[in-house]
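Count the sequence shown with the working numbering and you get residues 737 to 800, in order.
Be aware that one or more of the hints could be misleading.
[As the list claims (entries may be wrong)] Think about it this way: if two alpha-carbon atoms lie no more than 25 angstroms apart in a straight line, the pair counts; the simulated SDA-like pairs of lysine to any residue are:
| no. | residue 1 | residue 2 |
| --- | --- | --- |
| 1 | K767 | E751 |
| 2 | K767 | G796 |
| 3 | K767 | I795 |
| 4 | K767 | A747 |
[What the hints assert, rightly or not] With beta-carbon atoms standing in for the labels, derived distance ranges:
| no. | residue 1 | residue 2 | range |
| --- | --- | --- | --- |
| 5 | I795 | K767 | 14 to 22 angstroms |
| 6 | L777 | G800 | 14 to 22 angstroms |
| 7 | G783 | T763 | 18 to 26 angstroms |
| 8 | N766 | P799 | 15 to 23 angstroms |
| 9 | A747 | D782 | 13 to 21 angstroms |
| 10 | D770 | P744 | 15 to 23 angstroms |
| 11 | S769 | E743 | 17 to 25 angstroms |
| 12 | E743 | N774 | 15 to 23 angstroms |
For the record, the hints were derived by calculation from the structure and aren't laboratory data. Backbone N, C-alpha and C fix where the C-beta goes; we use that ideal spot for every residue, glycine too.
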Amino acid sequence: MAGRDVEPVAAVVSEAVRRWYEFYEVTPDNKASDVLCNAALNFYGDGYRTIDDIATLLIGTYPG
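Using the sequences and the hints given, assemble the complete structure.
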């Protein structure tokens, strides 16, 4: 994949989850983070690769 900027999975998941917290204006906690990170990894495994896509899916799937 020469010439392509690909973010590490952990960075994509972390930022998508952070955006979920920001969108719903809630304080992060471990239990919610575990659920959201697992969901984000599943979305990534389903082929969603961008932070925006995964954050949008998290926000739509897990109302805060």
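Hints and how they fare:
With a CA separation close to 17 angstroms, the supplied pair K767 and E751 stays within the 25 angstroms bound. The suggested pairing of K767 with G796 holds, with an alpha-carbon distance near 19 angstroms, which does not exceed 25 angstroms. Restraint check for K767 and I795: the C-alpha separation of about 16 angstroms stays at or below 25 angstroms, so the hint holds. Under the criterion of a C-alpha separation no larger than 25 angstroms, the hint pairing K767 with A747 is consistent with the structure, at around 19 angstroms.
The given range of 14 to 22 angstroms is respected by I795 and K767, whose C-beta atoms sit roughly 18 angstroms from each other. Here the CB-CB span from L777 to G800 is close to 19 angstroms, well matched to the stated 14 to 22 angstroms. Judged by the Cβ atoms, the range 18 to 26 angstroms given for G783 and T763 is violated: they are separated by roughly 31 angstroms. The hint said 15 to 23 angstroms for the Cβ distance between N766 and P799, and at roughly 19 angstroms that hint holds.
Take A747 and D782: their Cβ atoms lie about 18 angstroms apart, and the range 13 to 21 angstroms holds. For D770 paired with P744, a C-beta distance near 19 angstroms keeps the hint of 15 to 23 angstroms intact. A C-beta distance of roughly 19 angstroms is found between S769 and E743, which places it inside the suggested range of 17 to 25 angstroms. Take E743 and N774: their Cβ atoms lie about 19 angstroms apart, and the range 15 to 23 angstroms holds.
In summary, the structure is inconsistent with hint 7 from the numbered list given earlier, while agreeing with all the others.
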